[in-house]
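Generate coordinates for the entire structure from the input sequences, incorporating the hints supplied.
If you want the building blocks of each chain, they are given just below.
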Amino acid sequence: MTDNLPEVIAFWYLAFMAVTGGVGVLALRNPVHSALSLVYVIFHVAGLFVILGAGFLAVVQIIVYAGAIVVLFLFTLMMLDMRGIGEERFVHRQLWLALPLGILLAIEAVFVGVGTPEVREAFLGAFPPQTISDLGGSTQAIAAVLFSEYLLPFEVASVLLLVAAIGAIILARQFERELEAMPEAAAEANESAEAAS
Amino acid sequence: MDGWEWLIVAIKCVVILLIFLGAPLILVLVERWTLGRLQSRIGPNRVGWSGTLQTAADGLKLGIKEDLIPRGADKIVFWFGPVFLVVPALAAWAIVPVGPKVGLGRDIGLWAVDLNVGILFFLAMGSLGVYGVVMSGWSSNSKYAHFGALRASAQVISYELIMGLAVLAVILYAGSLSLIDIVEQQAGLWFIVPQFVGFLLFVIAGVAETNRVPFDLPEAESEIVAGFHVEYSGMRFAMFFIAEYANIILISAIITTLYLGGWLGWTIPGMEGLTGIVWFALKTVAFIAMFLLLRAALPRLRYDQLMSFCWKFLMPIGIINVLLAAGLRMAWS
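Chains as they are written, first to last, in the numbering used here: chain A, 1 to 197; chain B, 198 to 530.
Accuracy of the hints is not assured; some may be wrong.
Unchecked claim - Which chain A residues stay away from chain B? Per the calculated CB distances, all over 10 Å, these:
#	residue
1	Val19
2	His33
3	Val39
Stated by the list, open to error - Residues on chain A that point at chain B, a partial pick, calculated with CB under 10 Å:
#	residue
4	Phe75
5	Met79
6	Ala168
7	Leu171
Keep in mind the hints are simulated off the structure, nothing from the lab. In this text, a Cβ means the ideal position worked out from N, Cα and C, and glycines have one as well.
Right, here's the structure in full:
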């Protein structure tokens, strides 16, 4: 950590708020409140990226997570009937798996935080601040790595996403075609939809 | 940063705030006058000289009205909905350059902050605006508000992509994400010339993002009363107005910056700052006028037309446009 006082204050504020929001995501009873709490976490993590000098990551974090993913969560949640959903138990039965994993993660964090200089050096990796400013900024640094060293994983990920999108469209269309093929079923579906509304 | 720099930033923030609280007052009035003329009726002409104080009177009325919260509403979310609409629109103004650097004892840029990811920051704030709509629509506990919010979220997510594609082509030409660099790159040729298709895409997406006619389905009054803000009253209702007009001004300013060379134009030597602001204001006002006139000229789209227009027509054009821009850039360099 640097001796820069505003940066230290900003870090503790953002870190505290991000953790508070994270607790909110789990503890709030209403799913919509949880999703909004997630937006709150995303904002403060974006702030942490800003004080790390990674403006590009901060903005992309907001565009992708807050601007697209959580909006889709909300879109789905708004369609649901909320009555009775909030009565789920806060402490879930997955606790027995989550607890050891969480402890393992905490130990790792402590190890990185107070570890030897060599460990910290290893986590800084090939991109200390000097290298990044030599490349012309964090945007250029990300592009340089993404489109050279990690080009294959990047392209594979984009093809996977495309496959998922096409798959979703085909599944939705199939259901439509089945309904069209069976006039009685279609009529039934219409009737039950009318009865439900 | 020394004391003076903090003071300068504070002054810039106050100026932006004042413009946003003042501009809707003028814009609402101008819009009502224009629409009145175009629809062969008189428009506001009672309060003040020819109705000049009409919006001030409306604002006062909204200010002293009761702030109703419907029964069964989610109070906290209902409360914060309009806030989430206004704040991103204001925050995005931090990166808009209204003029070049001027020397008043020290070099002062006529922008609040020069972010090296400027244009992405604008897109990020634009994508946050949808939260205000979704939060106020969902929390109102009303079916009309609910439909408005659903329509708005689908519409904004879809048209954001078109806007992103149009911006991508501009970034390819400018070679920078900073809006100041983008303006300075246009010194020889405004980007509207090589990027005319991108310009049209951006304008269409901009109108859709601000939920204005012909893309005003989220608040279509003849179908769902007033959409996502139907349950609001008093000052909270006024905040939706402020957000709508702040967004119109913002989108117009960004169109000016990306495609029409921002503050660039003929200058008087020694007064670059002043002429820069005048050029920027003139270009921006032209687009604001376009927004107002569109409302009188076009009918509303149907929802399926809106979606297929975006995904089956604008989207392929946007992708081809980016590919062409990238190809041309490669051929040049």
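Tested hints:
A:Val19, annotated as away from the interface, keeps every beta carbon of chain B farther than 10 Å; the closest lies near 20 Å. The beta carbon of A:His33 sits about 8 Å from the closest Cβ of chain B, which is not more than 10 Å, so the claim that it is off the interface is violated. Not every C-beta of chain B lies more than 10 Å from that of A:Val39, the closest at about 7 Å, which undercuts listing it as non-interface. For A:Phe75, the suggested interface contact is upheld, since its CB lies about 5 Å from the closest CB of chain B, less than 10 Å.
With 10 Å as the threshold, the beta carbon of A:Met79 comes within range of chain B, its nearest partner Cβ sitting at about 8 Å, so the hint holds. For the restraint placing A:Ala168 at the interface with chain B, the shortest Cβ-Cβ distance is roughly 14 Å, beyond the 10 Å limit, so the hint is violated. Hint status for A:Leu171 relative to chain B: violated, with the closest Cβ pair at about 18 Å, above 10 Å.
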